[in-house]
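Undergrad: Start counting the sequence shown at 73; every next residue gets the next number (the working numbering).
Honestly, I wouldn't trust all of these hints.
[As the list claims (entries may be wrong)] Taking CB as the label site, the calculated pair distances span:
no., residue 1, residue 2, range
1, Ala528, Gln466, 33 to 43 Å
2, Ala141, Gly178, 29 to 39 Å
3, Gly334, Lys465, 25 to 35 Å
4, Ser160, His520, 19 to 29 Å
5, Gly178, Ala318, 50 to 60 Å
6, Ala135, Leu313, 46 to 56 Å
7, Ala528, Ala462, 49 to 59 Å
8, Gly382, Gly334, 14 to 24 Å
9, Ser74, Asp501, 39 to 49 Å
10, Arg217, Arg164, 33 to 43 Å
11, Ala141, Ala380, 55 to 65 Å
If you're looking for bench data, these hints aren't it; they were derived computationally from the structure.
As the structure is a computational prediction, the values presented were derived from the model and not from experiment.
Idealized CB from N, CA, C, for every residue including glycine.
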Amino acid sequence: MSAEYDVIVIGAGPVGENVADRAVQGGLSVALVESELVGGECSYWACMPSKALLRSGEAVRAAQRLDGAKQAVGGSVDVAAVLRRRDSFTSRWDDSGQVEWVAGAGIELVRGHGAITGEREVTVRAAESGAAADAPAAGTVLRARHAVVVATGSAALLPDIDGLAAASPWTNREATSTEVIPPRLAIVGGGVIAAELATAFASLGSQVTVLARSGLLSGQEPFAGELVGDALRELGVDLRLGTSPASVERSADGVVRITTDGGDAVEADEILVATGRVPRTSDLGLDSVGLEPGAWLDTDDTLLVLGADGAPLPGEWLYAVGDVNHRALLTHQGKYQARAAGDAIAARANGTALRDEPWGRHAATADHAAVPQVTFTDPPIASVGLTAAAAEKQGLNTRVVDYELGDVAGASLHADGYRGTARMVVDEDRGVLVGATFAGPDVHELVHAATIAIVAEVPLERLWHAVPSYPTISEIWLRLLETYGRSNDRLA
73 MSAEYDVIVI GAGPVGENVA DRAVQGGLSV ALVESELVGG ECSYWACMPS KALLRSGEAV
133 RAAQRLDGAK QAVGGSVDVA AVLRRRDSFT SRWDDSGQVE WVAGAGIELV RGHGAITGER
193 EVTVRAAESG AAADAPAAGT VLRARHAVVV ATGSAALLPD IDGLAAASPW TNREATSTEV
253 IPPRLAIVGG GVIAAELATA FASLGSQVTV LARSGLLSGQ EPFAGELVGD ALRELGVDLR
313 LGTSPASVER SADGVVRITT DGGDAVEADE ILVATGRVPR TSDLGLDSVG LEPGAWLDTD
373 DTLLVLGADG APLPGEWLYA VGDVNHRALL THQGKYQARA AGDAIAARAN GTALRDEPWG
433 RHAATADHAA VPQVTFTDPP IASVGLTAAA AEKQGLNTRV VDYELGDVAG ASLHADGYRG
493 TARMVVDEDR GVLVGATFAG PDVHELVHAA TIAIVAEVPL ERLWHAVPSY PTISEIWLRL
553 LETYGRSNDR LA
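Produce the entire structure from the sequences given, and follow the hints as far as they go.
TA: What follows is the structure, given as structure tokens:
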């Protein structure tokens, strides 16, 4: 059996869905191939369920920080209710709603595992977990007139630790879909996933131990990890920074016993590994087109896959979007890439102008300079662009400005004893913002203003005219500018 489409997208997560949708809107026919649930990692095992697990505890603690509200709040979160709410956001791992959206968007869904078997060719077989009712016949060949898009995402990295694999460790998938909260949970890693899930499970009643060899949130500004570390300790989390497991063993009674590289012993009921991600490319048939199986896929800014010579594959037909290209492992950034790639594919297919210059419609320029991220710990960390260290590494002439968020009137009204820090990183040669980080309660919504300032390269002297409403936490912008000083403005 074979079929032909203008575009074939492998992977029906939010990134693949967006590529397919943009291509269809460009007048092209699209087949979307998926071996698991339509909606992907974010919908069922990452973004949505993890934030649902976090939100209830955060809301309780927010009330407890405010005099007049804390008197009305007693006890802890209702775990069963939190899990029910989590299940509502995953549609109880039923993708029928997503499937309905795909059909309504004019996209052809093909169930099964897709692999590249030649130029512009994808062969689909039944997924290993068993064929769905609407799965294709074994060996169905799909051919693309214009493009094949890899949107298969990433999976949890399992480090080479003695006994770890045999101990049946959790990854983000098991943690976000669990029906039972373990009394004791050991988490290996100190990045975003580790910090968020440590917060969530401590809120839900687990005794959490974190083993973080490189510290907490080491890729962010130092004060972010320090603030989150203090908050986790207040939740009762045992932080073992600069420590990693040397060996792991699960006994016959189910207890996980971890021996650290320092010789200490940690016991837990479950062990969660959050030490990084690997691309889902090992079984995609990349070798059939001269690429390395299991590797990240390098791309240009229109998301065309590059070969070993740094040029797009002959015929410019293979694209990679989302985690799999390792540009920015974030759902929103992958969807941004997907919009650029889908529109670029349509432009090339239709013979219309391709705007692939920096910040053009068909270029994912923001991946290099303006990637926003929120770490949903309590307090959260919101950042965009470069950290001070990253800017220095790039050789930029910068000035770093910090301000305590708790000194802003809106923050002091928002929560009693508000504690947090804001930082902006300024490129002194151009007089523009290149990075910003906010750490503190409810700073999530501050980051988009910083994103706009960086993307638009708004001069600092113009930002003085963006007047923040009083009394809101957004007044931090005025305080940062005042600390920077108008005497430094180019037009002063």
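Undergrad: Take the hints in turn and mark each one as holding or not.
TA: Here is what the structure says about each hint:
1. Ala528 to Gln466: 33 to 43 Å: violated (20 Å)
2. Ala141 to Gly178: 29 to 39 Å: violated (49 Å)
3. Gly334 to Lys465: 25 to 35 Å: holds (31 Å)
4. Ser160 to His520: 19 to 29 Å: holds (27 Å)
5. Gly178 to Ala318: 50 to 60 Å: Given a distance of about 54 Å, which is inside 50 to 60 Å, the answer is holds.
6. Ala135 to Leu313: 46 to 56 Å: violated (30 Å)
7. Ala528 to Ala462: 49 to 59 Å: At 20 Å between Cβs, range violated.
8. Gly382 to Gly334: 14 to 24 Å: Hint violated: Cβ distance 44 Å, outside 14 to 24 Å.
9. Ser74 to Asp501: 39 to 49 Å: violated (57 Å)
10. Arg217 to Arg164: 33 to 43 Å: This hint holds: roughly 38 Å between Cβ atoms.
11. Ala141 to Ala380: 55 to 65 Å: holds (60 Å)
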